[in-house]
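Enquirer: Model the full structure from these sequences, guided by the hints.
Protein chains in written order, with numbering that gives the first Met the number 0: chain Z, 0 to 526; chain V, 0 to 151.
Derived by calculation from the structure, the hints in this document are not laboratory data.
Certain hints may be false.
As the list claims (entries may be wrong) - Estimated spans, in silico, between C-beta atoms of each pair:
1. 22(V) - 319(Z): 54 to 62 Å
2. 284(Z) - 115(V): 17 to 25 Å
3. 78(V) - 483(Z): 51 to 59 Å
4. 37(V) - 71(Z): 41 to 49 Å
5. 477(Z) - 96(V): 21 to 29 Å
6. 26(V) - 477(Z): 40 to 48 Å
7. 477(Z) - 94(V): 22 to 30 Å
8. 0(V) - 319(Z): 58 to 66 Å
Please read all numbers here as calculations on a predicted model, not as lab measurements.
Built from N, CA and C at the ideal position, the CB exists for glycine as well.
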Amino acid sequence: MNGYKWKLKNNKTLFFQFGNLVERTVVSNKEYYIDNVDFRSNNILELFDKLAVGEQAVFNNGYYFKIDKITSGSAGSPLHDYKQYDIRIYDNLGNLSHRESSIIRIVVYDDWTDKFGSIYVANNNGVKCYLATCNRTYYINHNGQTVLINDYSRNGTLSLTSQNFPLVLPELVTDRTFFDVLFLVIPNEVDRGGKDVGEPSIIGGQNGDLDDTTDIIPIPDIPTLSLIDCGMVSAYKMTASGLKALANELWSDNSELLENLKKMFLDNPMESIMSLSLIPLNLTGKEGTVQIGNYPTEIGCTVLNQQYITVDCGSINISLYWGNSLDYDPYTKFELYLPMVGGMKLSADEIMGKTLSVKYTVDIVSGVCIAYVLVNNSVLYTASGNCMLQLPITGRDASNLYSSIVRLGASAIPTLASGGTIGTGELISSGLQILSSKPHATHSGVMSGNSGVLNVKYPVLTINRVKQSLPENFYKFKGYTSNITEKIGDLFGYTEIEYIRLENIDGITDSELSELENILKTGFIVQ
Amino acid sequence: MQIIFYKNKSPKNKAVKELDQLFVRSNVILKDDCNMLNPSLQLRLSNTELDKLYKNANYFYITEFRRYYFMTDTVFHNGFVEINGHVDVLRTYYNRGLSELYCVTRRQENRYNTYLNDSEFLCYNSPIVVQKAFPSGFSSGYSPVLIVSGGA
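Expert: So, in structure tokens, the structure goes:
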């Protein structure tokens with residue numbers, strides 16, 4: 000197919016698509032006709048419809064035209080109703096631009112087909128000049144039949160021999176005076192009020208690149224430089240006897256340790272001990288002795304040389320249960336309990352059919368832990384908590400500790416969530432709507448620090464899925480959802496049709512056609 | 000006008016029907032004021048044909064109309080039988096172009112995808128709730144950790 004496209008100034012496109020150019024000989028002259036035309040000229044029609052007599056529009060080459068006269072008429076039948084625009088075209092200096100006549104006549108035929116509007120240009124002396132259509136002969140597809148179109152405005156006859164104009168095809172037109180003006184330019188919008196607001200409706204879409212590749216997001220690396228590495232603090236894993244020995248040193252009257260600490264920390268020697276806590280991890284390190292500040296003691300311990308510890312909780316596979324849409328949101332709900340963090344809702348759409356893993360990074364100095372929830376080895380969710388059970392060393396520590404526990408407990412009361420995610424209502428029947436709108440209970444609240452270490456120590460996934468009621472051989476009675484294009488004769492069994500073009504059926508009446516369409520859409524058995 | 004009487008053993012909404020031919024009658028008269036889609040036939044039948052008609056016939060084909068019909072009603076009139084019918088558009092046009100047409104299916108018995116949302120699915124009000132524990136986690140024991148300034 001040959002296509003011609005003109006880009007217009009207002010981002011609209013004038014597009015012509017012709018069928019095959021057919022050559023033939025009439026009398027002794029070689030002629031051409033076009034066997035099928037797809038003529039999408041709405042933009043041009045709109046353009047002229049917006050203009051009133053006396054108004055002008057400017058072309059993008061500086062030329063402009065004025066509407067001199069608008070008339071309507073009919074060339075013999077409703078199919079041939081037309082609107083006639085007489086225009087004068089001026090060049091960019093204000094001189095009349097075309098040489099043969101001062102008036103150009105543009106005739107727009109309406110409603111030949113839903114795609115075809117015939118436009119041509121003729122001056123008032125009948126001298127040939129052409130806008131977009133052929134002033135000669137078209138064969139177009141009109142309501143499924145090939146229809147011959149002639150130039151009615153010329154002399155009102157259908158006779159081929161009366162046609163003396165060349166073809167509209169640009170490459171075959173020798174006198175391009177008006178093409179140059181009319182085809183390559185388009186006027187600016189003329190503001191007459193009542194304009195459409197918003198972007199114009201254009202042809203497009205369905206042209207995405209379908210790129211569904213995804214990047215694996217790894218767990219971030221542990222910092223290479225830690226407080227322990229810097230020597231600013233030291234961490235020791237103590238034994239019960241070691242702690243007892245430390246207490247004896249701190250609280251005895253003639254403690255050499257305490258005396259030395261007083262030299263380093265005049266105001267409060269206990270500030271040298273930053274924290275004493277229980278961490279639910281099996282920490283390892285070198286055997287050694289406790290050193291506080293620069294004072295070495297004889298108290299035995301395990302010297303910890305890593306501030307950040309990784310905890311791998313393993314993986315579980317999230318497999319399909321029903322093997323249908325009920326396995327996804329909003330019909331299946333997931334809640335993941337993360338130790339030291341609390342409950343976290345997960346989207347079934349994001350994890351169904353994948354491997355779910357949980358890993359933690361723990362800071363043993365502060366007790367802060369980050370939980371990473373990985374889906375197919377890519378971090379998808381994160382949450383933070385604290386896994387350190389603080390042990391008070393002084394009365395002030397204990398006071399702070401207990402008050403913080405009270406505050407934490409108040410916020411940790413499990414609450415009913417305001418309802419699970421509810422899908423689009425029309426997608427599912429009332430029974431499912433009720434299920435999907437059930438409140439989704441949160442199974443744990445904020446879980447951190449002292450309360451966290453007393454709870455379950457491994458992640459637990461709670462799955463809440465709807466229970467389908469599926470009668471035996473349901474598919475034979477009602478089929479399952481389908482959205483495929485298929486030849487009816489190739490189908491077997493129960494079928495409901497969404498879309499079909501009922502055409503080329505031998506001898507069918509209109510009422511039969513309606514009845515047949517109704518049967519096809521409400522359900523039938525093919526064979 | 001030639002009529003072929005059948006016993007239709009298939010569901011009404013099946014395109015390719017399983018038909019047992021019972022008997023054929025020619026020169027059948029159409030009742031006045033009936034149309035091609037809902038014909039009304041008047042015919043005199045033998046006892047054997049009557050027996051077949053009442054026991055089995057539920058479907059007929061009018062050769063001249065090139066259409067299949069469901070038998071909707073049968074009425075006796077002084078030795079004549081009046082048979083009313085309604086055209087079976089599915090069977091009539093299946094082999095006259097319908098089977099060659101392409102369509103977009105909404106539901107299908109064999110060519111389906113249940114991951115498309117299905118408004119026909121029903122569910123019990125009691126959901127299935129299960130818990131899956133991860134294989135490992137934090138230690139059940141505790142490490143007492145002392146953090147001090149300075150040190151080693």
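Enquirer: Run every hint past the structure and note whether it holds.
Expert: Do the hints match the structure? See the list:
Range check, residue 22(V) to residue 319(Z): about 56 Å between beta-carbon atoms, so the 54 to 62 Å window is met. At about 57 Å, the CB distance of residue 284(Z) to residue 115(V) disagrees with the hint of 17 to 25 Å. For the hinted restraint 51 to 59 Å between residue 78(V) and residue 483(Z), the CB-CB distance of approximately 55 Å keeps it satisfied. A hinted range of 41 to 49 Å for the beta carbons of residue 37(V) and residue 71(Z) is consistent with their spacing of about 48 Å.
In this structure, residue 477(Z) and residue 96(V) meet the distance hint of 21 to 29 Å, their C-beta atoms being roughly 27 Å apart. The hint said 40 to 48 Å for the Cβ distance between residue 26(V) and residue 477(Z), and at roughly 45 Å that hint holds. Separated by about 26 Å at the C-beta atoms, residue 477(Z) and residue 94(V) satisfy the suggested range of 22 to 30 Å. For the hinted restraint 58 to 66 Å between residue 0(V) and residue 319(Z), the CB-CB distance of approximately 60 Å keeps it satisfied.
Hint 2 alone, counting from the list given before, is not met by this structure.
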